[in-house]
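A.B. asks: Listed in order, the protein sequences are those of chains A and B.
Residue 168 in the numbering used here sits at position 168 of the first sequence; the count goes up by one each step and never skips.
Residue 863 in the numbering used here sits at position 415 of the second sequence; the count goes up by one each step and never skips.
Hints are computed from structural coordinates only; laboratory data are not their basis.
Ideal Cβ positions, reconstructed from N, Cα and C, are used throughout, including at glycine.
Misleading hints may appear alongside valid ones.
Between beta-carbon pairs, the in silico distance windows are [stated by the list, open to error]:
(1) A/P26 with B/D794: 32 to 40 angstroms
(2) B/G691 with A/P370: 56 to 64 angstroms
(3) A/Y269 with B/H815: 47 to 55 angstroms
(4) A/P260 with B/R797: 43 to 51 angstroms
(5) A/R383 with B/E550: 32 to 40 angstroms
Number of protein chains: 2
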Amino acid sequence: MGETFVIVGGDAAGMSAASKAKRDDPDLDVIVFEKGEWVSYAACGMPYYVKGAVDDLDDLVAVTPEEFREERDVDLRTGHEVVSIDPEAKVVTVEADGERFEQPYDHLLIGTGAHAIEPPFDGIDLDGVFTIHDMDEADAIDDYVDAHDPETAAIVGGGYVGIEMAEALDERGLSVSLYEMLPHVLQPFGDPVAGVVEDHLREQGVDLRLDTPVEGFSGDGRVERVELEDGTVPADLVIVGVGVAPNTDLAEEAGIELGPTGAIATDEYGRTNAPDVYAAGDCAEATNVVTGDPDHVPLALTANRAGRAIGQTVAGEPTRVGGTAGTAIVKAFDLGAARTGIVDEDEAREAGFDPASVTITAPTRPHYYPGAEDLRVTLVADRESGRLLGGSVVGRDGAKRIDTVATALSAGMTVDEVESLDLAYAPPFSPVWDPILTAAKVLSGNLD
Amino acid sequence: MGETFVIVGGDAAGMSAASKAKRDDPDLDVIVFEKGEWVSYAACGMPYYVKGAVDDLDDLVAVTPEEFREERDVDLRTGHEVVSIDPEAKVVTVEADGERFEQPYDHLLIGTGAHAIEPPFDGIDLDGVFTIHDMDEADAIDDYVDAHDPETAAIVGGGYVGIEMAEALDERGLSVSLYEMLPHVLQPFGDPVAGVVEDHLREQGVDLRLDTPVEGFSGDGRVERVELEDGTVPADLVIVGVGVAPNTDLAEEAGIELGPTGAIATDEYGRTNAPDVYAAGDCAEATNVVTGDPDHVPLALTANRAGRAIGQTVAGEPTRVGGTAGTAIVKAFDLGAARTGIVDEDEAREAGFDPASVTITAPTRPHYYPGAEDLRVTLVADRESGRLLGGSVVGRDGAKRIDTVATALSAGMTVDEVESLDLAYAPPFSPVWDPILTAAKVLSGNLD
Numbered sequence: 001m002g003e004t005f006v007i008v009g010g011d012a013a014g015m016s017a018a019s020k021a022k023r024d025d026p027d028l029d030v031i032v033f034e035k036g037e038w039v040s041y042a043a044c045g046m047p048y049y050v051k052g053a054v055d056d057l058d059d060l061v062a063v064t065p066e067e068f069r070e071e072r073d074v075d076l077r078t079g080h081e082v083v084s085i086d087p088e089a090k091v092v093t094v095e096a097d098g099e100r101f102e103q104p105y106d107h108l109l110i111g112t113g114a115h116a117i118e119p120p121f122d123g124i125d126l127d128g129v130f131t132i133h134d135m136d137e138a139d140a141i142d143d144y145v146d147a148h149d150p151e152t153a154a155i156v157g158g159g160y161v162g163i164e165m166a167e168a169l170d171e172r173g174l175s176v177s178l179y180e181m182l183p184h185v186l187q188p189f190g191d192p193v194a195g196v197v198e199d200h201l202r203e204q205g206v207d208l209r210l211d212t213p214v215e216g217f218s219g220d221g222r223v224e225r226v227e228l229e230d231g232t233v234p235a236d237l238v239i240v241g242v243g244v245a246p247n248t249d250l251a252e253e254a255g256i257e258l259g260p261t262g263a264i265a266t267d268e269y270g271r272t273n274a275p276d277v278y279a280a281g282d283c284a285e286a287t288n289v290v291t292g293d294p295d296h297v298p299l300a301l302t303a304n305r306a307g308r309a310i311g312q313t314v315a316g317e318p319t320r321v322g323g324t325a326g327t328a329i330v331k332a333f334d335l336g337a338a339r340t341g342i343v344d345e346d347e348a349r350e351a352g353f354d355p356a357s358v359t360i361t362a363p364t365r366p367h368y369y370p371g372a373e374d375l376r377v378t379l380v381a382d383r384e385s386g387r388l389l390g391g392s393v394v395g396r397d398g399a400k401r402i403d404t405v406a407t408a409l410s411a412g413m414t415v416d417e418v419e420s421l422d423l424a425y426a427p428p429f430s431p432v433w434d435p436i437l438t439a440a441k442v443l444s445g446n447l448d
Numbered sequence: 449m450g451e452t453f454v455i456v457g458g459d460a461a462g463m464s465a466a467s468k469a470k471r472d473d474p475d476l477d478v479i480v481f482e483k484g485e486w487v488s489y490a491a492c493g494m495p496y497y498v499k500g501a502v503d504d505l506d507d508l509v510a511v512t513p514e515e516f517r518e519e520r521d522v523d524l525r526t527g528h529e530v531v532s533i534d535p536e537a538k539v540v541t542v543e544a545d546g547e548r549f550e551q552p553y554d555h556l557l558i559g560t561g562a563h564a565i566e567p568p569f570d571g572i573d574l575d576g577v578f579t580i581h582d583m584d585e586a587d588a589i590d591d592y593v594d595a596h597d598p599e600t601a602a603i604v605g606g607g608y609v610g611i612e613m614a615e616a617l618d619e620r621g622l623s624v625s626l627y628e629m630l631p632h633v634l635q636p637f638g639d640p641v642a643g644v645v646e647d648h649l650r651e652q653g654v655d656l657r658l659d660t661p662v663e664g665f666s667g668d669g670r671v672e673r674v675e676l677e678d679g680t681v682p683a684d685l686v687i688v689g690v691g692v693a694p695n696t697d698l699a700e701e702a703g704i705e706l707g708p709t710g711a712i713a714t715d716e717y718g719r720t721n722a723p724d725v726y727a728a729g730d731c732a733e734a735t736n737v738v739t740g741d742p743d744h745v746p747l748a749l750t751a752n753r754a755g756r757a758i759g760q761t762v763a764g765e766p767t768r769v770g771g772t773a774g775t776a777i778v779k780a781f782d783l784g785a786a787r788t789g790i791v792d793e794d795e796a797r798e799a800g801f802d803p804a805s806v807t808i809t810a811p812t813r814p815h816y817y818p819g820a821e822d823l824r825v826t827l828v829a830d831r832e833s834g835r836l837l838g839g840s841v842v843g844r845d846g847a848k849r850i851d852t853v854a855t856a857l858s859a860g861m862t863v864d865e866v867e868s869l870d871l872a873y874a875p876p877f878s879p880v881w882d883p884i885l886t887a888a889k890v891l892s893g894n895l896d
């Protein structure tokens with residue numbers, strides 16, 4: 001008789017852990033409690049379903065519940081909500097179909113995810129006002145567009161969800177306005193990226209309003225208007241995308257410690273302060289590879305990787321969950337924008353560094369080769385050590401070049417070492433000096 | 449009165465050194481002797497000129513002779529051939545317009561480049577048989593196609609020049625055959641890349657003949673046929689692209705040491721064994737970052753970087769030239785293929801490692817996102833240390849992902865460290881697990 005590994009939440013972290021643990025130790029009883037019906041789905045693909053680039057919502061499901069149950073031998077129970085954890089007794093209480101029962105565990109993983117923040121806007125409960133954080137919401141937005149043929153959409157929040165939804169709804173034929181209370185969109189990407197993205201959004205016909213807090217929404221049952229400080233704007237559909245917050249209630253009530261970011265504190269193996277209780281994914285902290293501090297980066301790769309590592313640990317091979325560089329990439333109409341590590345000098349100073357930075361614009365191919373596009377690259381470094389701290393890129397082509405920066409960050413490289421990298425060159429792919437190398441070359445000069 | 453920096457050869461290494469030295473130390477007299485008329489040109493762009501993707505040969509010139517002379521204050525003398533070096537007297541002998549003169553130097557850079565190897569094929573001097581290593585040759589091929597309207601082209605050699613020229617001449621409407629004496633094309637890229645490229649070349653209509661040595665060419669003044677061991681094949685145009693060899697005669701005659709690869713031996717600052725004599729670019733060795741051994745990688749970035757570093761050193765700030773990972777990328781019709789470091793187990797064993805390797809095929813985007821393409825990734829590692837030694841990629845999209853591998857190599861990362869990299873994910877750009885991460889994950893499992 002094997003041990004029992006109980007997992008709370010059936011998305012990226014939970015299902016990665018379940019699959020890996022069961023594969024590595026088939027004697028383990030692996031039970032996943034998921035309160036909803038969807039498991040293991042690509043939340044990042046939802047805007048592209050609304051856009052119409054993905055035909056079927058089911059296409060976003062990586063592995064179906066049946067496959068988990070039958071092929072991977074995971075005891076997956078959808079419609080089951082874990083309502084409390086008793087870390088002393090090593091038991092969880094589960095509610096399903098109005099009944100409660102207790103389930104003992106030897107190992108527990110909390111993978112409860114995050115939820116979309118809903119500010120206390122007037123009229124947030126009107127029909128036609130949506131957040132987009134789960135599959136049912138994506139489906140509901142799609143249905144609403146089909147059913148009511150809205151002409152105008154208002155998007156509240158200029159983060160990546162807001163920008164992806166602007167593109168999606170523009171593609172669906174709506175006239176889109178976007179409201180950001182801060183001076184710039186994509187705040188975690190830094191100003192040099194924001195400037196390029198903002199110009200592009202306007203070129204694409206988005207009515208972009210920066211420094212513009214929204215007060216609420218109004219309409220007769222169904223949303224008709226966005227209320228601003230100084231007036232109202234028509235909106236037949238509203239998407240609220242102002243960020244996410246970790247789902248920590250269950251952990252907190254069980255006495256499990258949260259970290260400085262407000263997410264569940266974990267060590268390098270994903271362990272919480274309670275014995276044999278792990279946490280991973282959007283509800284948990286990860287260690288930032290640049291600062292060494294706890295960070296909350298609710299992104300898919302971090303969740304998948306940590307879940308998989310914890311599954312391996314539970315199956316008997318202790319495995320570190322790995323750090324995060326906060327690497328992110330977003331498509332904004334025809335642009336790609338990406339960031340990793342620390343993207344500006346203010347952020348670097350807050351983290352205790354003495355920063356220098358540079359922003360350059362360089363082509364992604366030689367000037368003579370067809371299809372060369374400008375890429376704007378920002379790199380940030382520490383003056384004293386010469387160490388690279390992070391950077392950003394934005395352009396119509398080549399945003400995945402951020403991976404070179406992310407790799408250099410994990411290795412703790414100096415700017416001089418980055419300048420010396422032997423990156424790939426041929427005219428169809430890059431100029432002799434890749435834009436990342438050019439930026440490092442200029443920054444290196446500034447550090448002397 | 450400043451010191452005199454004499455440079456032999458006006459291409460990537462030489463002109464990078466000249467520009468950097470003069471900018472950093474304007475008192476320096478910088479004299480460049482170039483025996484031809486073209487300087488600072490993108491040799492890698494020549495196939496795209498023949499293809500018709502680049503309109504004008506002059507577009508491939510990065511900086512014109514006039515700009516070097518007038519804006520950068522470099523004493524550039526084209527049509528000037530350095531015929532000997534006397535390292536004891538610190539003087540070079542120069543020939544121009546049939547006259548000889550001596551030019552003393554304080555610092556000397558040998559940037560004589562490489563030349564296309566011309567095997568002793570019968571009929572290699574026939575009209576219509578070309579190598580493609582300099583701008584005049586590119587121009588001559590283009591003129592020949594215009595003037596003679598050839599229907600068939602034979603390419604001898606399946607390296608990157610041969611493959612780029614196959615694409616170029618196919619685009620010009622010729623029926624192309626390609627002869628490779630080895631069992632596979634693109635030998636330095638390894639068999640997993642070669643297999644994919646060979647299938648693609650055949651799909652594109654190239655008559656690909658592997659294991660097929662060419663004996664010579666025949667025709668009446670102008671080439672008409674390729675002669676093989678077992679017959680002849682019609683060819684109205686022939687490109688011989690069987691590799692390059694470093695131009696070392698000048699250095700050897702001056703008593704300057706060559707290294708094990710046959711190119712000029714240099715130290716980490718690009719210095720030869722003669723005092724104040726440097727060498728850089730296609731004529732010189734560089735240090736391989738994986739093996740630590742001298743290597744000969746006649747590619748543009750290595751030349752540009754070493755030239756620039758030597759210019760900086762001569763101007764008073766000693767600067768290392770940097771190593772090479774042997775990173776290379778090539779377009780083969782609709783494919784991109786790239787390599788870095790050590791690409792297969794045989795090569796790893798020869799370098800003294802105990803290798804493990806893996807080849808996987810993974811999509812460059814999630815399955816549900818439009819435009820996902822397969823990328824084949826090979827990674828090679830050392831079993832004992834777990835260190836990544838190199839790899840290759842090939843596919844219709846994403847070949848620049850080799851830069852992640854090249855960066856990891858320079859950092860000396862283990863496969864586990866590569867598996868932990870926080871690379872960028874969003875559906876338009878990558879699956880959650882980038883193909884490089886997937887390959888590292890599988891290889892890591894094999895190393896256990």
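A.B. asks: Compare the structure with the hints numbered earlier in the document and write down the numbers of the violated ones, lowest to highest.
C.D. replies: 2, 3, 5
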